[in-house]
Each structure stands twice: as C-alpha cells, then as structure tokens.
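Undergrad: From just these sequences and the hints, can you work out the full model?
Here is how the chains run, residue by residue.
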Amino acid sequence: MTNLQSVSSPSIHSEDRAHEADHPTSTVAKFDVEQPLKLDCGIDLAPFQIAYQTYGELNADRSNAILICHALTLDQHVANVHPLTGKAGWWEIMVGPGRPLDTDKYFIICSNVIGGCMGSTGPASTNPATGKAWGLDFPIITIPDMVRAQAMLLDRLGIETLLCVIGGSMGGMQVLQWTAAYPERVFSALPVACSTRHSAQNIAFHELGRQAVMADPDWHHGRYFERNTHPHRGLAVARMAGHITYLSDAALHRKFGRRMQDRELPTFSFDADFQVESYLRYQGSSFVERFDANSYLYLTRAMDYFDIAADHNGVLAQAFRGIKTRFCVVSFTSDWLFPTSESRALVHALNASSARVSFAEIETDRGHDAFLLDVPEFFDISRAFLESAGKARGLDGTGG
Amino acid sequence: MALQEQSLPLGGVAPDRTGKYRTDHLLVAEMIAAGSKVLDVGCGDGELLQLLESRGIDGRGIELSREGVNRCVARGLAVVQGDADTDLVNYPDDAFDYVILSQTLQATRQPKVVLENLLRIGRRAIVSFPNFGFWKMRLQLLVGGHMPRTEHLPATWYDTPNIHFCTIKDFVQLCDEINVKMERAVALDLYGRPVPLNLPWWVWNMFGEQGVFLLSRGTGK
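Quick mapping for you: the protein sequence lines, in order, are chains A and B.
The first sequence begins at 1 in the working numbering and counts up one residue at a time.
The second sequence begins at 1 in the working numbering and counts up one residue at a time.
It should be emphasised that the hints constitute simulated quantities derived from the structure, not laboratory data.
As the structure is a computational prediction, the values presented were derived from the model and not from experiment.
Every residue gets a Cβ at the ideal spot worked out from N, C-alpha and C, and that includes glycine.
Treat the hints with care, as some may be off.
[Unchecked claim] With a Cα cut of at most 25 Å, we get these calculated DMTMM-like pairs of lysine to aspartate or glutamate: (1) Lys20(B) x Asp380(A); (2) Lys324(A) x Glu151(B); (3) Lys20(B) x Glu53(B); (4) Lys324(A) x Asp87(B); (5) Lys324(A) x Asp93(B); (6) Lys324(A) x Asp97(B); (7) Lys324(A) x Glu53(B); (8) Lys112(B) x Asp97(B); (9) Lys20(B) x Glu387(A); (10) Lys38(A) x Glu160(A); (11) Lys255(A) x Glu184(A); (12) Lys391(A) x Asp45(B); (13) Lys169(B) x Asp85(B).
[To be verified] Not everything, but these chain B residues come out facing chain A in the computed CB check (under 7 Å): (14) Leu64; (15) Arg66; (16) Gly68; (17) Asn70; (18) Val73; (19) Ala74; (20) Gln81.
TA: Right, here's the structure in full:
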C-alpha cells in the first residue's frame, strides 16, 4: 500500500471537518424535537439541522425561487468559495449574474443534503444522545428523506412553490423525487444526467467504494472520530473508482493518453508512472480532505435504494400521473453511468403521463461529469428552459 | 403579424405577408382550434410549434436530430428527441387532439404504420408532404434523366433522409386502404398558393408541389 500513502497526508485536519459538520459556515435551519424528519426507515430524526446557501433575492410574490440539488460528493457551496478547500463554488459556471441561473433574476437555494457532512445532520454530526459523532448509529437515509428535509427547509423559508428544481446525478434523482412527491410545489424541473432508478452496475460501483472504505484499518467500524483518524486511503480508492465512472474513455484518452508523468521510461515499479495515475491519486487525496467517509457510505446507499417506479407498483408513469410540472430532461452522449436510454425511459413515462416534457441529449465526450463542465449547449438549454418557465409563471423581467 | 383578411378558396388560408412563417405552416395552423393539444412529429427546429403556441395551442414535439431538439428547447418548446418510426408506439391512445406530420412522411421507414399511429394517438392528424407527382419532378426525371431536386427536397439521391416518396394520388390511396377519412385536402403550388379545390385530382397531383391533409379516423374501423 506504499503507493497510496502518498495520497494520505491531508492538509485539512479531521477536526476542521468535524467542526464544519456541526457548525458550518453556511446558514443553518435547525429543527427541534417537535419537528422531526420522518425517515423512510421508520425513524423520526430529531433534532436535526440543514445547512444551506442562497444567492440572489426572493421577489415579492415568492415566485422566483430555484432549488439546486447537489450531486453525491458536492455540497451547498454552489457559487461561493468553499470553506474547507478554498476553491470556487462547484457550479459558478452556471450560477451568477447573467449566467443561466441568473442571480439577478432568481433566488437560488442549495442545501447540503441530510446525511451529508457540510453542516446538515449526518453521520459526521454529533449525536445529541452520546455527545459523540453519530457514525454508523446514524439511520439509513434515502433520496425521499433528503427531499423531505428540503421541503421542510422551504417551509421555513416561506416558499410554497419553486420556479424550478434543478440538479445532476444524485441531484437529478432529488429533482425527480421532488416532482413525484410534491408535484404542486414544483413549477418546472430540470433533471440532468440521472435516472429514476440506480442501475445494478451503478450499485456495483458504489459497493466497490464502500468496501474500499470499510477495508481501511483506520475505519474502525465507523468510529474513527474517537480515534482521531480517518480512513483516507479507503475513501481515496472509493473516489478514484467513482471518478473513473464520471469520465469517459475518450475524455481520459484525450486528457492523458498513455503519457508518462515526469519521466521518459517506466520505472518498473508501482509508482504513478502514467499521468492518468497521478491524476486519480490527486483526485482521491483532495477528496478525502473535504469529505467524510461515513457520509460517503450513507449517500451512496441512498442512491442505490432510489427507484421511483417501485413506489408506484413498478409503473413509472403512475408516479407522474396528471402532473402539471414542466420538465426538461438532459442527458449526455458519453455518460455511461446514467446513459441516455435511462433518460429516454423517463421521458416516455412523462409523455405517457401527458406531462409537458422536453428532452435533449447533448453530444460530448466528457462523460457523466459534463453537467459540471463548460458545455455551452447545456447552458443555452438551461437558460432557455428557465426563461420560458419564468414567462409561463408570469415572472416579471426584473425579478422584483 | 399582418394577415390578409381576404377569404381564399380553401377555407381562409391567408398568405403571411411578413414572410415570417411558411404557407404550409400557416395552413396547418388554420386547421387547428385554439386550446387544442397537439403533437408535432418531426418538428425540426420548432418553427411550426412556435406558430401554434403563439395562437394558444398547446404544442409538443418529437424530433430526430439533436440540433433540432436543442433549438426547440432553446425556444422554450416542449420537444423530445425521438424517432417517429420507433417512439410513437409509446404514446397512449387519444393523447392528443391533433398529431401533425409535417414534411416528414417521406423520411419514415414505415409510412403506413406511422400514419396508423398518428390516428391512434390523435383524434385527428394533419399530414403534409412533398408531392412526387409534381410536374417539375416528373419533368426532371423524364427530361433530365436524374432524380428530381426541388426547393423543398434539395438533397441529392445519395444523401437524402427521404426514403419513401409518394404522390398525392398515392397518399389518397393509402388513406383509403387503412380507412382514414380525409376531412380536408389542400395542394400548394410552386409558389405556396393553394390549388383551387374544384379542380380534378389529376390537376392536384400534377400541379401541387406539396399536399396538406386533415385526416380523421374512418367509420368502418
């Protein structure tokens, strides 16, 4: 394992991560024992908190609110500097003045999902009953649980109906869950690079990641906080495997090919001879600095359990029957994690439900992660869809 | 949009003086009542759908080309990427008031099956297509000895998406065969003007560059 030691020297201490989990830099909505979060597993989670960021101004008739749902390993820091990494927000390219999610027009909300580790209650948070981190005592959560928590946050913010719910990957699953669970609260929905159910192959990749975390001797059955350590090697491996699924062969080849890293000839060792190896190790190491290993277990599990049709006797169209929400479904040609065929199945179900749905497949070789990258076609579609939704909702041009 | 108010021979097909919309699109739009729910199969870049929406018609579209879909979504239209030949089966019966197949019939693999699907999904169908019996077409093949090319069918024989050409006469025969009722039929001449209704079919077949048909389910079905 010597070659993985190189990825295992986090510059962000676990205390910083632990502090961020309980006392985030974001705004926090706290819910006491009177307002429990009713989880699918049957447990009432209380008290709990949701950390969130907002951008732009809510207009007078509260009609310009857009909820961004974040993907698996992202968080609420959409368009501001990340408090742990110091890097720019993960969707600054999409969110800001004049951007597709125009903060001069719209009021943008993004919350850290329940089960996350950036300030919403999750396995890294302190369990009030023990005064220690929840760890594996934290109940299993689902995508519907995340959405239920977001709905409670919106109630708190006084927002009845969202102009749009938008998100990619796990965020896209939340978008679909929003429309299935609260159709009357979602005027329009933009699910990107996602599916109504997690496929067997995707579950398999997640299991690989979870097993890597659990195999790390520093994991201590999830009680690593008490030993002041973190299973960063296992988590880094999980991230590496995940990261490969987010890209495409063509993108990896274009970016790295078989080029060597700082050398001409192979070292005949297990060092990172190839550039693609260094890249993956870097991705792994930077990830463990900001993310909690147990959160990774819980959130991947939530995605695995996701299956909208299962809640409607296996008939997907039933989930959307009579829905008034306007949909724009977007997929990417080189996404093999959530291939276009899955988006197409969703669109067929929506059509069968007589929903107002648009669907565009965007040609790119950048894989699943394309929704986070500079893909002008995707920006144009998002902008146009939001503008037409705003027009249909009678949003005035100034945004109030 | 300044529409000429004069009554034309074929039930108020008014030419668009602004040139903003194609005559055949205006003709289709005239056939549909406001408030109807419409599916445009092979909607291209959404020009017709946009015209329909501007007239209070609830429009949806299917388009095969990715570029077309993206342009439609960018116009704020509800358009899905799909193939008329394979995707129509997924639509439930009576889902729409009208289903439009505008200049697309000749590009489908199974025109007959597509036509049957149109009238299953929609209570009515509007079909327009380039007439291969048009005199210029006949002339190009007869005199020029090569496959005809026109303004509406500019592709050369080897790179055309159009695989099933028909004449107005052929189409009328097909409608008979699958028991489809023809409620209205309009042939447009070279200049996009309607060919007068009182002329016999062979004139339409000869002088109509394209045909536009309003269809409904036949009674004996």
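Undergrad: Now tell me, hint by hint, if it's right for this structure.
TA: Hint-by-hint comparison with the structure:
no.: 1; hint: Lys20(B) x Asp380(A); result: 24 Å, holds
no.: 2; hint: Lys324(A) x Glu151(B); result: 41 Å, violated
no.: 3; hint: Lys20(B) x Glu53(B); result: 15 Å, holds
no.: 4; hint: Lys324(A) x Asp87(B); result: 23 Å, holds
no.: 5; hint: Lys324(A) x Asp93(B); result: 20 Å, holds
no.: 6; hint: Lys324(A) x Asp97(B); result: 18 Å, holds
no.: 7; hint: Lys324(A) x Glu53(B); result: 17 Å, holds
no.: 8; hint: Lys112(B) x Asp97(B); result: 20 Å, holds
no.: 9; hint: Lys20(B) x Glu387(A); result: 23 Å, holds
no.: 10; hint: Lys38(A) x Glu160(A); result: 20 Å, holds
no.: 11; hint: Lys255(A) x Glu184(A); result: 44 Å, violated
no.: 12; hint: Lys391(A) x Asp45(B); result: 21 Å, holds
no.: 13; hint: Lys169(B) x Asp85(B); result: 23 Å, holds
no.: 14; hint: Leu64; result: 11 Å, violated
no.: 15; hint: Arg66; result: 6 Å, holds
no.: 16; hint: Gly68; result: 10 Å, violated
no.: 17; hint: Asn70; result: 5 Å, holds
no.: 18; hint: Val73; result: 5 Å, holds
no.: 19; hint: Ala74; result: 4 Å, holds
no.: 20; hint: Gln81; result: 5 Å, holds
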